[in-house]
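Residues per chain are reported as follows:
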Amino acid sequence: MENPDSRSISEIESEQQASTEEVVSLAKNSEFDREIFTEFAVLLDKFTPVLVAIKDNEKLMDRPPVKKGVESIEKELTRAKKLIEGACSRSPIKQIVVVTQELGRSLGLVLFASIDASTEVKQDIAALHRELMNVKFDISFTPSPSPSPSLGSSPCVIHGPRPSKESGFVSEQGSFINEIEEEKISLSIDDVVLQLKYGNDEEFRLALLVLSDFIRDKVIDKEWIHEEDIIPILFNRLGSSKPHNRLTIIQILRILALDTDENKVNHMRNVLTFLHNFGCKFKNFHFVAFSHCLVVCRRK
Amino acid sequence: MTDVVCLSGLVKSLARDADEGREAVGLLSELSDISAVRRRIGRIQGCIVMLVTMLNGDDPTASHDAAKLLIALSSNTQNVLHMAEAGYFKPLVHCLKEGNIKASFRLMHVL
Numbered sequence: 000m001e002n003p004d005s006r007s008i009s010e011i012e013s014e015q016q017a018s019t020e021e022v023v024s025l026a027k028n029s030e031f032d033r034e035i036f037t038e039f040a041v042l043l044d045k046f047t048p049v050l051v052a053i054k055d056n057e058k059l060m061d062r063p064p065v066k067k068g069v070e071s072i073e074k075e076l077t078r079a080k081k082l083i084e085g086a087c088s089r090s091p092i093k094q095i096v097v098v099t100q101e102l103g104r105s106l107g108l109v110l111f112a113s114i115d116a117s118t119e120v121k122q123d124i125a126a127l128h129r130e131l132m133n134v135k136f137d138i139s140f141t142p143s144p145s146p147s148p149s150l151g152s153s154p155c156v157i158h159g160p161r162p163s164k165e166s167g168f169v170s171e172q173g174s175f176i177n178e179i180e181e182e183k184i185s186l187s188i189d190d191v192v193l194q195l196k197y198g199n200d201e202e203f204r205l206a207l208l209v210l211s212d213f214i215r216d217k218v219i220d221k222e223w224i225h226e227e228d229i230i231p232i233l234f235n236r237l238g239s240s241k242p243h244n245r246l247t248i249i250q251i252l253r254i255l256a257l258d259t260d261e262n263k264v265n266h267m268r269n270v271l272t273f274l275h276n277f278g279c280k281f282k283n284f285h286f287v288a289f290s291h292c293l294v295v296c297r298r299k
Numbered sequence: 000m001t002d003v004v005c006l007s008g009l010v011k012s013l014a015r016d017a018d019e020g021r022e023a024v025g026l027l028s029e030l031s032d033i034s035a036v037r038r039r040i041g042r043i044q045g046c047i048v049m050l051v052t053m054l055n056g057d058d059p060t061a062s063h064d065a066a067k068l069l070i071a072l073s074s075n076t077q078n079v080l081h082m083a084e085a086g087y088f089k090p091l092v093h094c095l096k097e098g099n100i101k102a103s104f105r106l107m108h109v110l
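Going line by line, the protein sequences match chains C and E. The opening position of the first sequence corresponds to residue 0 in numbering that gives the first Met the number 0, with each subsequent residue numbered one higher. The opening position of the second sequence corresponds to residue 0 in numbering that gives the first Met the number 0, with each subsequent residue numbered one higher.
There's no promise every hint is true.
No more than 30 Å apart at the CA atoms, straight line, and that leaves these computed lysine-lysine pairs for DSS-like [claimed, not checked]:
id : chain 1 : residue 1 : chain 2 : residue 2
1  : C       : 196       : E       : 89
2  : E       : 89        : C       : 221
3  : E       : 96        : C       : 54
4  : C       : 241       : E       : 11
5  : C       : 80        : C       : 135
6  : C       : 221       : E       : 101
7  : E       : 101       : E       : 67
8  : C       : 54        : C       : 217
9  : C       : 217       : C       : 80
10 : E       : 11        : E       : 89
11 : C       : 54        : C       : 121
12 : C       : 241       : E       : 89
13 : C       : 221       : C       : 74
14 : E       : 67        : E       : 89
15 : C       : 121       : C       : 80
Some but not every residue of chain C turned toward chain E, in silico, with C-beta under 10 Å [claimed, not checked]:
id : residue
16 : 17
17 : 18
18 : 48
19 : 49
20 : 51
21 : 62
22 : 188
23 : 193
24 : 196
25 : 197
26 : 198
27 : 237
28 : 238
29 : 245
30 : 249
31 : 256
Think of the hints as simulated: they come from the structure by calculation, not from any bench. Virtual Cβ for every residue (Gly too), placed ideally from N, Cα, C.
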């Protein structure tokens, strides 16, 4: 936040659409690894309708975390552009996978912050997010890969700003992303609790990502969170975690707090409907309804 | 989420990174609907000073949430005094103008 971006999210979105189209065009016309870049271009093409949907949703655009996520996507698109322009005889496949998954993470950030978005928009974003995160390019077309594929030693390395400083959802090093994704997929609900409690920073970060996915996809409910003492665990780790983990913790807590409020309102609505249906039997209907509402409100 | 240890953790987050502070003040603001939370937050050292700093900061979301939380906390006279000490006099003036005689007298006495 040291350098606040004065552009509105609408401007960012428009620039991004143009940027996406530019990267798609570059990818299609690349002389190296044509097949890979074509696949990459097809994926990027799917960004445009999602960006338009975000742009059309005013509620969504007002949320700073969404803006942050959109800016993060912008950075990744710039990296992709540099990657394609700087493509050389050594296969940049690893880097394309890294960039694609970083784009997926940035989109995940947008998705995570899109509480107010319509189900349709969220589904579209989630579908593209999944596709980007599980990307696998067909390497049979590429020339023999370099023996040392690490990002740092590759001449095609991108020295752009790493988005890890910008959000709590991105990884530290691109070369570890594949491993992290595999670990993420293999984590069960029990593993998540274990890693949240006792995992080191890296394991904890992974568990947080999976937990946020579970909450978003409604794999876990309020009862499970209560039974497993997730909230005290998160608060316990808040004091000792790394900055991006802390940010993710608070974002998860906000969603849980919001969930509780929504549950409260729904519960109150159910009580009122119930009482209304049987209201004729009660002389003091309003008093009973009010008492029930008070009871619900006092629940934490 | 509403016990003093958890709330203290969130108050510490107010002073950290801008993003973290924004999320933390948002969560505290949402939790401030609960009266026990309001009572506890006001007692955490440095909380009101941080909220006043955020209120005057550049981040509109954080500033809005900080304002909402400060209004919620201003129902307590002691908090109103802490706010005045931190340079935010609006609740104090409001309390002297609109508050009951007992609260006004107490504030005048402290001042």
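Going down the list of hints, with the structure as the test:
| no. | hint | verdict |
| --- | --- | --- |
| 1 | 196/C with 89/E | violated, 44 Å |
| 2 | 89/E with 221/C | violated, 40 Å |
| 3 | 96/E with 54/C | violated, 46 Å |
| 4 | 241/C with 11/E | holds, 14 Å |
| 5 | 80/C with 135/C | holds, 19 Å |
| 6 | 221/C with 101/E | violated, 44 Å |
| 7 | 101/E with 67/E | holds, 25 Å |
| 8 | 54/C with 217/C | holds, 26 Å |
| 9 | 217/C with 80/C | violated, 36 Å |
| 10 | 11/E with 89/E | holds, 25 Å |
| 11 | 54/C with 121/C | holds, 13 Å |
| 12 | 241/C with 89/E | violated, 37 Å |
| 13 | 221/C with 74/C | violated, 36 Å |
| 14 | 67/E with 89/E | holds, 13 Å |
| 15 | 121/C with 80/C | holds, 27 Å |
| 16 | 17 | violated, 27 Å |
| 17 | 18 | violated, 24 Å |
| 18 | 48 | violated, 28 Å |
| 19 | 49 | violated, 23 Å |
| 20 | 51 | violated, 25 Å |
| 21 | 62 | holds, 8 Å |
| 22 | 188 | violated, 21 Å |
| 23 | 193 | violated, 22 Å |
| 24 | 196 | violated, 16 Å |
| 25 | 197 | violated, 19 Å |
| 26 | 198 | violated, 19 Å |
| 27 | 237 | holds, 5 Å |
| 28 | 238 | holds, 6 Å |
| 29 | 245 | holds, 5 Å |
| 30 | 249 | holds, 4 Å |
| 31 | 256 | holds, 5 Å |
Hint violations for this structure: numbers 1, 2, 3, 6, 9, 12, 13, 16, 17, 18, 19, 20, 22, 23, 24, 25 and 26, all remaining hints satisfied.
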